[in-house]
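Guided by the hints, dock chains B and C onto chain A, whose structure is given.
Chains as they are written, first to last, in the working numbering: chain A, 1 to 349; chain B, 1 to 349; chain C, 1 to 349.
Do not rely on the hints blindly, as some may be mistaken.
Just so you know, same-sequence chains aren't split out, so a pair can sit in one copy or run between any two.
As the list claims (entries may be wrong) - In silico lysine-lysine, DSS-like type, Cα no more than 27 Å apart, as pairs:
no., residue 1, residue 2
1, Lys95, Lys304
2, Lys304, Lys17
3, Lys274, Lys179
4, Lys179, Lys87
5, Lys304, Lys4
6, Lys283, Lys211
7, Lys95, Lys17
8, Lys283, Lys137
9, Lys211, Lys179
10, Lys274, Lys304
11, Lys35, Lys95
12, Lys17, Lys283
13, Lys4, Lys296
14, Lys4, Lys179
Rather than coming from a laboratory, the hints here were simulated on the basis of the structure.
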Amino acid sequence: MFIKNCWYAAGMSNEVKNEPLARTIINEPVVLYRKGNGDIAALEDRCCHRGLPLAHGQVLDGLLQCGYHGLTFDHTGQCVRIPGQDKIPQGARVKSYPVLEQDALIWIWMGDPALADPSQILHYPWHNDPDWAYDGKYTAINANYQLLYDNLLDLTHVGYVHRNTIGGEPEAHSNAEMKTTRSDDGVHIIRWLRNSMPPPMYASAFEFHGKVDRWIEIEFSVGAVRIYSGAKDVDQGAYEGNREGGLGLRTLHAVTPSTEDTTFYFWTIARNFKLTQPEVGEKLCQQVEATFNEDKVILESQYKRLQQQPGRPLIDIAADAGAIQARRIIANRIAMEASALNSNTANIA
Amino acid sequence: MFIKNCWYAAGMSNEVKNEPLARTIINEPVVLYRKGNGDIAALEDRCCHRGLPLAHGQVLDGLLQCGYHGLTFDHTGQCVRIPGQDKIPQGARVKSYPVLEQDALIWIWMGDPALADPSQILHYPWHNDPDWAYDGKYTAINANYQLLYDNLLDLTHVGYVHRNTIGGEPEAHSNAEMKTTRSDDGVHIIRWLRNSMPPPMYASAFEFHGKVDRWIEIEFSVGAVRIYSGAKDVDQGAYEGNREGGLGLRTLHAVTPSTEDTTFYFWTIARNFKLTQPEVGEKLCQQVEATFNEDKVILESQYKRLQQQPGRPLIDIAADAGAIQARRIIANRIAMEASALNSNTANIA
Amino acid sequence: MFIKNCWYAAGMSNEVKNEPLARTIINEPVVLYRKGNGDIAALEDRCCHRGLPLAHGQVLDGLLQCGYHGLTFDHTGQCVRIPGQDKIPQGARVKSYPVLEQDALIWIWMGDPALADPSQILHYPWHNDPDWAYDGKYTAINANYQLLYDNLLDLTHVGYVHRNTIGGEPEAHSNAEMKTTRSDDGVHIIRWLRNSMPPPMYASAFEFHGKVDRWIEIEFSVGAVRIYSGAKDVDQGAYEGNREGGLGLRTLHAVTPSTEDTTFYFWTIARNFKLTQPEVGEKLCQQVEATFNEDKVILESQYKRLQQQPGRPLIDIAADAGAIQARRIIANRIAMEASALNSNTANIA
Chain A
1 MFIKNCWYAA GMSNEVKNEP LARTIINEPV VLYRKGNGDI AALEDRCCHR GLPLAHGQVL
61 DGLLQCGYHG LTFDHTGQCV RIPGQDKIPQ GARVKSYPVL EQDALIWIWM GDPALADPSQ
121 ILHYPWHNDP DWAYDGKYTA INANYQLLYD NLLDLTHVGY VHRNTIGGEP EAHSNAEMKT
181 TRSDDGVHII RWLRNSMPPP MYASAFEFHG KVDRWIEIEF SVGAVRIYSG AKDVDQGAYE
241 GNREGGLGLR TLHAVTPSTE DTTFYFWTIA RNFKLTQPEV GEKLCQQVEA TFNEDKVILE
301 SQYKRLQQQP GRPLIDIAAD AGAIQARRII ANRIAMEASA LNSNTANIA
Chain B
1 MFIKNCWYAA GMSNEVKNEP LARTIINEPV VLYRKGNGDI AALEDRCCHR GLPLAHGQVL
61 DGLLQCGYHG LTFDHTGQCV RIPGQDKIPQ GARVKSYPVL EQDALIWIWM GDPALADPSQ
121 ILHYPWHNDP DWAYDGKYTA INANYQLLYD NLLDLTHVGY VHRNTIGGEP EAHSNAEMKT
181 TRSDDGVHII RWLRNSMPPP MYASAFEFHG KVDRWIEIEF SVGAVRIYSG AKDVDQGAYE
241 GNREGGLGLR TLHAVTPSTE DTTFYFWTIA RNFKLTQPEV GEKLCQQVEA TFNEDKVILE
301 SQYKRLQQQP GRPLIDIAAD AGAIQARRII ANRIAMEASA LNSNTANIA
Chain C
1 MFIKNCWYAA GMSNEVKNEP LARTIINEPV VLYRKGNGDI AALEDRCCHR GLPLAHGQVL
61 DGLLQCGYHG LTFDHTGQCV RIPGQDKIPQ GARVKSYPVL EQDALIWIWM GDPALADPSQ
121 ILHYPWHNDP DWAYDGKYTA INANYQLLYD NLLDLTHVGY VHRNTIGGEP EAHSNAEMKT
181 TRSDDGVHII RWLRNSMPPP MYASAFEFHG KVDRWIEIEF SVGAVRIYSG AKDVDQGAYE
241 GNREGGLGLR TLHAVTPSTE DTTFYFWTIA RNFKLTQPEV GEKLCQQVEA TFNEDKVILE
301 SQYKRLQQQP GRPLIDIAAD AGAIQARRII ANRIAMEASA LNSNTANIA
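Isolated chain A (complex conformation) (with noise of 0.2 Å):
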């Protein structure tokens, strides 16, 4: 069961060069491919001859060769060309995707393509501001996508999944301050550390002078979970507002469900320091890599089990409040298309 009618995303725009690229997303099979003028198109990844992915084949003047019999397709999904015969037959054409590049990130909307506005496109600044850099990768996730929404919404799992890397201190976590707002579609958390000794990973790279006031502020929309975290020296306004001056790392975190079973982890991290010394951007890429594989091991030995008894009850703690939340808001939009499909199905008969 997914959202149909969102953007998600489908990958980073420089993952699509000269080759296609295949992405299964919502359980539909997608090639993404890069038309004549560059901008991105998405197809069906099947062949309306004989069915092979189109991701086998090659953009030739920015139309897309089958790999198998070179049957040719336009980016809205018609064929345009069949070697040795000059008449298409009708219906010679696969599916075509409402695909946008916007942030260095391509979003793609696998629902009533009448419905696709672009202005409701997740705005993500961070990857074309002069203040921030940023790197960033995918990991890929054999579990179900409202696992991943599940884990980055409640961070006291941070003091145990990660204990061995960036963890710390769990108790600090699960004591910090928290505060959970419901807006209209979306989750926005935070959470203080006030006092506290900055983590490892922020002493290393950035002058600080003793104790910090640290926060982390998760925001969930359909589709992406943006963390902002940072700290400043104790007292120095930070907690009242004033970040300026503190180290500040923004992650975005892009929960693109491939199958039931499957989930494309995007995420890139930004941030506001040493922005001329790309090895401080790569060693941070590494380290977030390395701690959210420790996730995919937890996830997917947790979906795992989940999977073997699929209705069986949980016990709800204080700290799920967030993704609580977000799973009402998920089942929420699944429900309100069920509706509207069921209402225009009547309507037509």
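Only chains B and C this time, still in chain A's reference frame:
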């Protein structure tokens, strides 16, 4: 769904030596071995005692001994010895299959043994002809056998799937003169590329004097596709019927369904030139293997995609004529077998 | 289908140290760890909060802490701590299992805890006997547990499956004098190979003066097969009951179903000679492991074949007597448990 009453290639003669060989054919596990006189025998590969595949056993005095508790079977499938007891229980036997060697291939009959007529085995004299030399192997295809027939009967794929190996000019293949003829139980396709450049593989193996007339002749019958290809200097009578003095290659493509999802692709390549240079045959064999591995990638990816939505319609193009005929022949044979089975059952009732 | 009300070996004592250990037993995921006093505890391996296997966690002060969000459980399965909150919600607990260590093995009771009687645990004093030394390991078998019992209770397979290792003379084994006795809850089989050559392994480990009287004694009870084998110089009274002064080996084969398709095969080999030479034990252990890997190949291949046509009949032979008795005992116990469950349900209704 398979044709049962036909001779399938079960392997090449040189594959069965002293050890028993396991092969699953149209979903039935078979073990092949050589009797005392060197002839091939084929039994069900499942001991009637505890179900162990007999292929774990050994051949002793032309009998097949189970590798678990030593029960021993003759080539009719009768258990003839049980260690530690004198009496052979009634029903201690396994199924046996009609099997024959001809032209260096092993042919097995999986259907009603009463209908097994050795004269219907495909004749392939080029494995025994002093004017030809051959080499061969097999490629395991993880896809339904029908996709392999489709592949072999529409060679316009050569320019795309094999564009980095033997493909050359896709247009030349697609625009070649083609004639498709249907016989009672087969399809014959001939393609002529007249006045064309010899492809690199031809040019390196044979001396031409410029452009050539090039032919590709495809014969489908249930169980195998034979492809006779070659070239001769342009306008030297090849098109009119005299191919003497030209380069000739004969490739046999025996297609044996193993399961619904897996297929044995036994193939040989025979040449009428440089007969005494085995390194020429070895090189041809390597080239063919590399080429067929390109097909394997395509067929397996295509099959996976098709399996995601089994009944979904596809679009046919002109080049599919031969493949469509072959599919009809196979479908008819399967339907005839089913109806014969039904009327037999009715007679019994 | 498994017997639930019995003690199964869950592992060897030395397998559980500081880290929790995951074991799936009769389809239930279990985590084993040591309490503060060193005793073994066994809990369901699934946190009641988000389902993560508890085996990812750590043991702190004899309590088991989940590796995801730090929920902590005592050996009864009660959650005793939730980071970040004081109240433990009702129902925050996981299942616990009766578990005991005896004779260097860990025994677990998967059925009704009220019926768990420690006095029913198999006694195996040779793990504690100063006149014997032992070594052991476990082999994971990807087949149903019944096939492993069959294997152990019909040793005529030794001459075939192990013909390249310990097999020796298949005829000698098949024609050995054999007596099968059924007790209330077990089967006892004894085989005598009188006046026979000592097998190479015996001859290299012990000094005989020519031919020997050789015995193999097999005792089946639910959960384990014990095999006592040995040899003594011919006509020195062994057959009449005095085995003193002979070579003796005692192998324990604990058979624990993990799932329908996978089985833990815990085994040890104890010897009554060269007790102070650990290298003798290590070599025996290696030989046994190599031998059991031969069984593993056979059992897994056999199981795959049988699974293709689950209900299809097989033929029994004389040597199956013991295995058939064991299968009856298991079937009876399973049927009794089902009928007890039904009558309990009826009483409640």
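Hints and how they fare:
{"no.": "1", "hint": "Lys95 with Lys304", "verdict": "between (33 Å within a copy, 19 Å between copies)"}
{"no.": "2", "hint": "Lys304 with Lys17", "verdict": "between (35 Å within a copy, 26 Å between copies)"}
{"no.": "3", "hint": "Lys274 with Lys179", "verdict": "neither (31 Å within a copy, 70 Å between copies)"}
{"no.": "4", "hint": "Lys179 with Lys87", "verdict": "between (64 Å within a copy, 19 Å between copies)"}
{"no.": "5", "hint": "Lys304 with Lys4", "verdict": "both (25 Å within a copy, 24 Å between copies)"}
{"no.": "6", "hint": "Lys283 with Lys211", "verdict": "within (24 Å within a copy, 60 Å between copies)"}
{"no.": "7", "hint": "Lys95 with Lys17", "verdict": "within (22 Å within a copy, 53 Å between copies)"}
{"no.": "8", "hint": "Lys283 with Lys137", "verdict": "within (13 Å within a copy, 43 Å between copies)"}
{"no.": "9", "hint": "Lys211 with Lys179", "verdict": "within (22 Å within a copy, 81 Å between copies)"}
{"no.": "10", "hint": "Lys274 with Lys304", "verdict": "neither (41 Å within a copy, 48 Å between copies)"}
{"no.": "11", "hint": "Lys35 with Lys95", "verdict": "within (16 Å within a copy, 58 Å between copies)"}
{"no.": "12", "hint": "Lys17 with Lys283", "verdict": "within (25 Å within a copy, 36 Å between copies)"}
{"no.": "13", "hint": "Lys4 with Lys296", "verdict": "within (25 Å within a copy, 34 Å between copies)"}
{"no.": "14", "hint": "Lys4 with Lys179", "verdict": "neither (30 Å within a copy, 48 Å between copies)"}
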